[in-house]
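When you get a sec, could you build the whole thing from the sequences and use the hints?
Here the protein sequences line up with chains A, B, C, D, E and F, keeping their order. All residue numbers for the first sequence refer to my numbering, where the first residue is 1 and numbers rise by one. All residue numbers for the second sequence refer to my numbering, where the first residue is 1 and numbers rise by one. All residue numbers for the third sequence refer to my numbering, where the first residue is 1 and numbers rise by one. All residue numbers for the fourth sequence refer to my numbering, where the first residue is 1 and numbers rise by one. All residue numbers for the fifth sequence refer to my numbering, where the first residue is 1 and numbers rise by one. All residue numbers for the sixth sequence refer to my numbering, where the first residue is 1 and numbers rise by one.
I should point out that these hints are in silico values taken from the structure, not numbers from a laboratory. Treat each hint with caution, since some may be false.
Remember, identical chains collapse to one label, so a pair may be satisfied in a single copy or spanning two.
Straight-line alpha carbon distances no greater than 20 Å define the calculated EDC-like cross-link-like pairs of lysine to aspartate or glutamate that follow [said to hold, decoys possible]:
#  : residue 1 : residue 2
1  : K57       : D40
2  : K97       : D40
3  : K57       : E128
4  : K57       : E98
5  : K17       : E124
6  : K57       : E124
7  : K57       : E28
8  : K16       : E98
9  : K16       : E28
10 : K83       : E28
11 : K83       : E128
The structure displayed is predicted, hence computed values, not measured ones.
For reference, the chains in residue letters:
Number of protein chains: 6
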Amino acid sequence: MKARARKGADRLVRGKKLLRHIHGAGGEAVVAGLGQISPDLARYIVEFAFGDIYSRKGLTLRERQIATVAGLVALGHAQPQLKSHIHGALNVGCRRKEILEIIIQLAVYAGFPAASNAAVSAREVFRERDARGLRN
Amino acid sequence: MKARARKGADRLVRGKKLLRHIHGAGGEAVVAGLGQISPDLARYIVEFAFGDIYSRKGLTLRERQIATVAGLVALGHAQPQLKSHIHGALNVGCRRKEILEIIIQLAVYAGFPAASNAAVSAREVFRERDARGLRN
Amino acid sequence: MKARARKGADRLVRGKKLLRHIHGAGGEAVVAGLGQISPDLARYIVEFAFGDIYSRKGLTLRERQIATVAGLVALGHAQPQLKSHIHGALNVGCRRKEILEIIIQLAVYAGFPAASNAAVSAREVFRERDARGLRN
Amino acid sequence: MKARARKGADRLVRGKKLLRHIHGAGGEAVVAGLGQISPDLARYIVEFAFGDIYSRKGLTLRERQIATVAGLVALGHAQPQLKSHIHGALNVGCRRKEILEIIIQLAVYAGFPAASNAAVSAREVFRERDARGLRN
Amino acid sequence: MKARARKGADRLVRGKKLLRHIHGAGGEAVVAGLGQISPDLARYIVEFAFGDIYSRKGLTLRERQIATVAGLVALGHAQPQLKSHIHGALNVGCRRKEILEIIIQLAVYAGFPAASNAAVSAREVFRERDARGLRN
Amino acid sequence: MKARARKGADRLVRGKKLLRHIHGAGGEAVVAGLGQISPDLARYIVEFAFGDIYSRKGLTLRERQIATVAGLVALGHAQPQLKSHIHGALNVGCRRKEILEIIIQLAVYAGFPAASNAAVSAREVFRERDARGLRN
Numbered sequence: 001m002k003a004r005a006r007k008g009a010d011r012l013v014r015g016k017k018l019l020r021h022i023h024g025a026g027g028e029a030v031v032a033g034l035g036q037i038s039p040d041l042a043r044y045i046v047e048f049a050f051g052d053i054y055s056r057k058g059l060t061l062r063e064r065q066i067a068t069v070a071g072l073v074a075l076g077h078a079q080p081q082l083k084s085h086i087h088g089a090l091n092v093g094c095r096r097k098e099i100l101e102i103i104i105q106l107a108v109y110a111g112f113p114a115a116s117n118a119a120v121s122a123r124e125v126f127r128e129r130d131a132r133g134l135r136n
Numbered sequence: 001m002k003a004r005a006r007k008g009a010d011r012l013v014r015g016k017k018l019l020r021h022i023h024g025a026g027g028e029a030v031v032a033g034l035g036q037i038s039p040d041l042a043r044y045i046v047e048f049a050f051g052d053i054y055s056r057k058g059l060t061l062r063e064r065q066i067a068t069v070a071g072l073v074a075l076g077h078a079q080p081q082l083k084s085h086i087h088g089a090l091n092v093g094c095r096r097k098e099i100l101e102i103i104i105q106l107a108v109y110a111g112f113p114a115a116s117n118a119a120v121s122a123r124e125v126f127r128e129r130d131a132r133g134l135r136n
Numbered sequence: 001m002k003a004r005a006r007k008g009a010d011r012l013v014r015g016k017k018l019l020r021h022i023h024g025a026g027g028e029a030v031v032a033g034l035g036q037i038s039p040d041l042a043r044y045i046v047e048f049a050f051g052d053i054y055s056r057k058g059l060t061l062r063e064r065q066i067a068t069v070a071g072l073v074a075l076g077h078a079q080p081q082l083k084s085h086i087h088g089a090l091n092v093g094c095r096r097k098e099i100l101e102i103i104i105q106l107a108v109y110a111g112f113p114a115a116s117n118a119a120v121s122a123r124e125v126f127r128e129r130d131a132r133g134l135r136n
Numbered sequence: 001m002k003a004r005a006r007k008g009a010d011r012l013v014r015g016k017k018l019l020r021h022i023h024g025a026g027g028e029a030v031v032a033g034l035g036q037i038s039p040d041l042a043r044y045i046v047e048f049a050f051g052d053i054y055s056r057k058g059l060t061l062r063e064r065q066i067a068t069v070a071g072l073v074a075l076g077h078a079q080p081q082l083k084s085h086i087h088g089a090l091n092v093g094c095r096r097k098e099i100l101e102i103i104i105q106l107a108v109y110a111g112f113p114a115a116s117n118a119a120v121s122a123r124e125v126f127r128e129r130d131a132r133g134l135r136n
Numbered sequence: 001m002k003a004r005a006r007k008g009a010d011r012l013v014r015g016k017k018l019l020r021h022i023h024g025a026g027g028e029a030v031v032a033g034l035g036q037i038s039p040d041l042a043r044y045i046v047e048f049a050f051g052d053i054y055s056r057k058g059l060t061l062r063e064r065q066i067a068t069v070a071g072l073v074a075l076g077h078a079q080p081q082l083k084s085h086i087h088g089a090l091n092v093g094c095r096r097k098e099i100l101e102i103i104i105q106l107a108v109y110a111g112f113p114a115a116s117n118a119a120v121s122a123r124e125v126f127r128e129r130d131a132r133g134l135r136n
Numbered sequence: 001m002k003a004r005a006r007k008g009a010d011r012l013v014r015g016k017k018l019l020r021h022i023h024g025a026g027g028e029a030v031v032a033g034l035g036q037i038s039p040d041l042a043r044y045i046v047e048f049a050f051g052d053i054y055s056r057k058g059l060t061l062r063e064r065q066i067a068t069v070a071g072l073v074a075l076g077h078a079q080p081q082l083k084s085h086i087h088g089a090l091n092v093g094c095r096r097k098e099i100l101e102i103i104i105q106l107a108v109y110a111g112f113p114a115a116s117n118a119a120v121s122a123r124e125v126f127r128e129r130d131a132r133g134l135r136n
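Structure representation (structure tokens):
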């Protein structure tokens, strides 16, 4: 039992740490809000998405965020997650100009509507960050 | 005027050069095959996708390929293009292990079926490259 | 003519009955609202979706709602219909906990963004029902 | 009973007639094949898709086929249906060049992979028709 | 060379002209708004989508708008673009009744949720046009 | 270390057991094949999809398979996974007729092309099972 508790804690602790590192207080708030609907779904996001996947080697966090933002632009129906991960990408070193480059790049593959809606989400993120006095 | 004069030809020339640089003879064959169905659609891919977008600054070619592969994994219905761009990513310096990392990363956002089908496409690409004696 | 009128009425009557049984006054209001835009589209939903499909044997209404909620979670772009069918699922005997289980299950196949957005829609439905004093 | 039989027959007869008119023997074979898996699903396609929808006024059959082909290009995962409806569009007066125009038009909205895959399907249709000695 | 010289400027000029012709001041405002986020993305829409694609021969503008509206209904996640192109379709001669026919037609291929959400967007467009005193 | 090994083993062992129970030797072969491309992706499917999610209480395995089949029909681009989970659904007590009911139900929400392609996948599964002498 204790063993399990400890191991269970490992993925969770590692995930929480990465969630905070990538998404900051905003991301923690999003997951906490989701946790009020479904504690388990929120836990899987921390344990699996962050504890298992984001903590993998083989790509830099910056590269993982480029891949995630690109994938969310292509999905088209995931604007809240796209905004959250644009914040995340900027938090781990991407520049705003680079976010727009990813969006422009995806216009070729997912079409201009997906890219245009993503650009609108990007602007909202940029304004949120301006309001918080963030330069990037 | 003269500048623009050059520009008309530039997009096509620049696009062809980048198509060859990223996708090599295989990519040129794909576009040539498409050109036999619709010369204009093939030309737009070279002029717009490669001449306009891929030639932009702001992201490295390696980063653009990470974004493209991620977007195509998320789309789910674009296996031929995914295979073509996995080749392209490997041609501009991504390693096979990194392609699999992008695919694993996308399982979180597009689901395991999209990731599993992308992994099968990746294996086909790796085998094609093995058959051609490519180390990467 | 009379014959047709009667038969036409059959699918419509059967559909209206099932619409009311599954979705209650809320569902009738949604279809009525759609009918103000396109009476025919609203009629097809009642005749075909409810009169033909939902009235089929072979699955219980509870199972049909599980399938519908799961399909709408996977589609990702159908939040109004997802909310409407979460109401419907709860009306025909699913429990709130089971709706969340379907959503968690779909995170594996459609990804966490689709599941997270569905969870937010589920919470809105639960609150609407709380406000109406519904226990389930 | 007889009344219902007759009315049931109306939608079915009207649908079968339109199916034959738009898709010819090839379309009838597709529906017949589907009918061997699920007679009801095949019947709904004839009754609802063709008997109810295609038989509506307000758009010409040519315009309905333009809309259907465009929608199927955008869906991306419906190549068999896209091929079937490219045949249908050509059967009701669209020219091959116009099919390619629809596909090129959709590259803007659904992206180049969806358009490229649609172009490959179009070529297969054109070859099938060449083999049958059809000029259009 | 001279021909090409003109071409550079031509795409943008031709695109702006078509954008105004199809979408009017509303469309110009949308692109201008997008231009404040990403001037290049806005320029590609004018140069490529309108300057290259919409200016092609082979389909009437009315037919191109039918195809675009149908494709956007099928995409499901592009409501702002759907609304913009319903305006465009009405501006180039489609009637409101025909827009609803396209939406009803797509219910068969993209499902009733995509069609229902499109119908809601259509109503918003119709009301915007009513408010502007437009008969069509 | 041992503790972690044991706990790590827990999710994996539980997942493997459920994978075998739901999908049998065929499912194990699919995961093994995926494991030759990416051992980690295959492990996440066993640990997370089966060890975490399928092992949850709150829905019967039969209900989880109904939800999964419905979600995969709606996704449209996941035919290999759809076939695998139709097998799984039949293995945990669904009848073939019920699989077709789920597919017919989804025609309303995901459209007839998604349903028709799913029906073709279902027939392939039924034939595979006939060849193996399975009654269900």
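- Message: Cα distance capped at 20 Å. Does K57 pair with E28 within a copy, between copies, both, or neither?
- Response: For K57 and E28, the Cα distance exceeds 20 Å both inside one copy (23 Å) and across copies (27 Å).
- How do K83 and E28 come out at 20 Å by Cα distance, when the copy is not named: within, between, both, or neither? within (14 Å within a copy, 26 Å between copies)
- Task: Since the copies are identical, ignore which copy is meant and state whether K57 and E128 lie within 20 Å (CA to CA) inside a copy, between copies, both or neither.
- Result: So K57 and E128 fail the 20 Å test inside a copy (31 Å) and across (26 Å) alike.
- Task: Evaluate K16 and E28 at a C-alpha cut-off of 20 Å and name the case that applies: within, between, both or neither.
- Result: within (8 Å within a copy, 32 Å between copies)
- Task: Can you give me the call for K16 and E98, within, between, both or neither, at a CA distance of at most 20 Å?
- Result: neither (26 Å within a copy, 24 Å between copies)
- When no copy is specified for K83 and E128, does a C-alpha distance of 20 Å or less occur within a copy, between copies, both, or neither? Within one copy only: 10 Å inside, 27 Å across.
- Message: For K97 and D40, with the copy left unspecified, which applies at a CA distance of at most 20 Å: within, between, both, or neither?
- Response: Between. Shortest inter-copy distance 11 Å satisfies the 20 Å Cα cut-off; intra-copy 36 Å does not.
- Check K57 against E98 for me: Cα-Cα at most 20 Å, and say if that holds within a copy, between copies, both or neither. between (23 Å within a copy, 9 Å between copies)
- With identical chains treated as interchangeable, where does the CA-CA distance between K17 and E124 reach 20 Å or less: within a copy, between copies, both, or neither? Neither way: K17 and E124 sit 26 Å apart in one copy and 30 Å across, limit 20 Å.
- Identical-chain pair category, K57 with E124, by Cα at 20 Å: Result: close neither inside a copy nor across copies, 31 Å intra and 24 Å inter.
- Task: Classify it for me, K57 with D40: is the Cα-Cα distance of at most 20 Å met within a copy, between copies, both or neither?
- Result: between (26 Å within a copy, 12 Å between copies)
Taken one by one, the earlier hints fail for this structure at numbers 3, 5, 6, 7 and 8, listed in ascending order.
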